[in-house]
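Kindly produce the complete structure, drawing on both the sequences and the hints.
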Amino acid sequence: MTTIVLTYRDRDIKIVKHSLDTLQHQNSKLFKVILVNYGSSASYTVLIQDLCEEYDFVNLIHCQTEGELWCKSRAINIALKQVDTSYVFIGDVDMLYHPDFVNQLDNFKQKGTATYFQVGFLSEAESKAVKAFDDYHINFRSNPEATGMTLMFTDDLKAINGFDEFYHGWGSEDTDVHVRLKANGVNVNYYDQEVLMLHQWHPKAYRSVTSNAPFHSSLEQINHAYLAFTKASKKTKVNLNFKYGDYNYGMYKALQTVDATYTLTNRLSDVKGFVNNVLLQTTNQTLKVTVSLDVNYKSFKEQLKGCLGKKTIPFLSMQVVNDLLLETFITSLRDCAYSYSFNQQAAIIVFTIRL
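Numbering (my numbering), first residue to last: 131 to 485.
Do not rely on the hints blindly, as some may be mistaken.
[As the list claims (entries may be wrong)] Below, computed lysine-lysine pairings styled on DSS-like, alpha-carbon distance capped at 30 Å:
id, residue 1, residue 2
1, K365, K383
2, K373, K239
3, K239, K334
4, K334, K258
5, K239, K288
6, K162, K211
7, K144, K211
8, K162, K258
9, K428, K440
10, K418, K428
11, K162, K241
12, K383, K241
13, K211, K241
14, K440, K383
15, K241, K144
16, K367, K239
17, K162, K418
18, K159, K144
19, K402, K373
20, K147, K261
21, K211, K365
22, K239, K418
23, K312, K365
24, K373, K383
25, K288, K383
26, K361, K373
Note that these hints are calculated values from the structure, not bench results.
Note that the coordinates shown come from a computational prediction; the quantities given were computed from them, not determined experimentally.
Encoded structure:
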């Protein structure tokens, strides 16, 4: 028996249905699926709930993290805590699976060995077609650098504390797991003798300038650098200072009752003082915080003082404030429930956090 773990947030429901249909038609029924809905909007949550009810092999877990950064690692770890089979496969909701896929997994099951698989990518037109797996025309194939789609002995993954929940946004968490499995003595193999999965085309999800969703301007680069240090240090276990895979419904419910409200400006002293005195030291309270531009920011008076060489008020741009706050959440407060928005056009950050 294998558990297939899938993660989801606001994806085209037709793509997910096509993927789950290919699992429903597997030649072997010796598998189950844990699908984690990690922070979808209300409308997409209803859609994924209704869809999953059509499949008796799917266990759907809802996480009310729609106001948080995307964290695939945490979503996977939440599922990992529920896995009770010897093997776990980390898949994706946009994959089509060969009808003999589950049977084929048995050929790679071995303690101390992880296997990841080559994927065939379909064109937009081909993705919309419904046909037999072998009848699809593959546009191109992945190479060994694409490190997702991995079968692991469950205890091997748990031995390294699962996926590293430092990674937020997109990228690096799959490679990180491979690196740490190898450092812990696990053989990681790449299988490309045949294509057992096809990736459905979908438009890339770019964040619009009008979106208020949390977004850090350089997370991808930070993730890559973080991964390089994991490789250099030969690190195996992660999430040592946090409860990995933890989802506390009560903390998210507590966001509805605010204990204290703070209003800040983008003065450097305001932001740094608040982070170090309040954000990092408060416990058992729900805070609501608003950050907006200081009236003196880029004022004629301050610019004139700067030109005359006089002392000026140190300010941070709202983007820097945003990035600093989100980095604090990632590095020090990732166990805390929060709901965060950044209106770039109005230059206002509003968040609620349960500490």
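>> Need the list of violated hint numbers for this structure, in ascending order.
In response: Those not satisfied are hints 1, 3, 12, 14, 15, 17, 22.
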